[in-house]
Amino acid sequence: MSRSHGPDAFLDPRDTSAEVIREPRQSDHPEPSREQGQGSEPQEDGRLTPSRASEPTQPRSAEPRETFLVRGKTYRLRPSEIRTLTELGKFRAVASKDLQEFAYDGDKDRAKADVQNLVRQGLVAEKRIPHSDISPRRLLTLTRQGHLVLTSTKDVRTNQAIHYGFTKPREAHHDADIYRMYYSAASKIEQQGGRNLRVILDYELKKRVYRDLVKLGPQRESAAKKKEVAERHGLQLVRGKIPLPDLRIEYETQEGEMARIDLELATEHYRGRTLAEKVRAGFSIYAHAQDATGLRRVMDQNELTAEILSL
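Counting in this note's numbering, the sequence shown runs from 1 upward without gaps.
In case anyone wonders, no lab produced these hints; they're calculated from the structure.
Every residue gets a Cβ at the ideal spot worked out from N, C-alpha and C, and that includes glycine.
Take these hints with a grain of salt, some might be off.
Unchecked claim - Label-pair distances were calculated between CB atoms; the ranges are: (1) Leu311 / Gly217: 40 to 50 Å; (2) Glu126 / Arg232: 32 to 42 Å; (3) Asp133 / Ala224: 40 to 50 Å.
Claimed, not checked - The list that follows gives simulated cross-link-like pairs (lysine-lysine, DSSO-like), each with its CA atoms no further than 27 Å apart: (4) Lys227 / Lys207; (5) Lys215 / Lys97; (6) Lys207 / Lys97; (7) Lys241 / Lys227; (8) Lys206 / Lys154; (9) Lys97 / Lys73; (10) Lys215 / Lys225; (11) Lys227 / Lys215.
Let's have the full structure, built from the sequences with the hints guiding it.
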């Protein structure tokens, strides 16, 4: 899916307009209308202190909750709920059904109980968001307070960015689709012995690449210089632009080496030029089943050779 990151002519165009879905007030702190990920570094005075008291022993499927104190506020969280905060933070928006399927192995009751607790404490927002092509979906995202609590736990890797807040509906649904795409690719990586997977969204790659291009000054018109920037970030220069994937997964191979894979979620709206750039950039192309036939036709018309993987 193409998303504009501004007027920059050097990057693949992607849309991040200011239209937002506003959060209802769920805590003592107002929610920002829109936020990019702030990373996973602990925030000042945001250290998380677990209490030693816990609930009576419960079945394994219902882990006991511990009490945590963050900036004078108390939260009661299970380990599974902290993992859910992490899932939402890595991808910005996740569909409720997909969270149940992947993070809870299909255990709907457990997922529902955890999400309700997180929403009740103002750490997660849940919205029924309209979609232009399909029925509305219930999506989840971290709130600002959820971001603070999660980064304070220090359970998130320091090099894993954490995002919070809904963007406009189209972008929120796209982020949710990326979550499914991630698990399709991650399962293959893990089957081959890959571990310590790290998620990098296009927002993060865009900031890094654009920062380096700006440093070039007048030389950023140079194809050779742009190619150097692209290669520095593991990307390629295609027709004078640096295409960005929707998602990058970095991981450690079975042999202990670092590897990465770039993924693109293509839709029926992709035209030949756009799809060609993504293929030539070396991205793995994923698509919904209903879009795959049209995309293959576009590829045939443009003499492109690449596998379209189904979500």
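Status of the hints after comparison with the structure:
1. Leu311 / Gly217: 40 to 50 Å: holds, 41 Å
2. Glu126 / Arg232: 32 to 42 Å: Because 39 Å falls inside the window, the suggested range holds.
3. Asp133 / Ala224: 40 to 50 Å: At 42 Å between Cβs, range holds.
4. Lys227 / Lys207: holds, 17 Å
5. Lys215 / Lys97: violated, 43 Å
6. Lys207 / Lys97: The given pair, whose Cα atoms are some 31 Å apart, is violated under the 27 Å limit.
7. Lys241 / Lys227: holds, 9 Å
8. Lys206 / Lys154: Distance ~26 Å between Lys206 and Lys154 Cα, so the pair holds.
9. Lys97 / Lys73: Violated, at roughly 30 Å.
10. Lys215 / Lys225: Answer holds: Lys215 to Lys225 is near 11 Å, not above 27 Å.
11. Lys227 / Lys215: Given that 27 Å is the threshold and the Cα spacing comes to 14 Å, the pair holds.
Consistency with the previously given hints fails for numbers 5, 6 and 9, ordered from lowest to highest.
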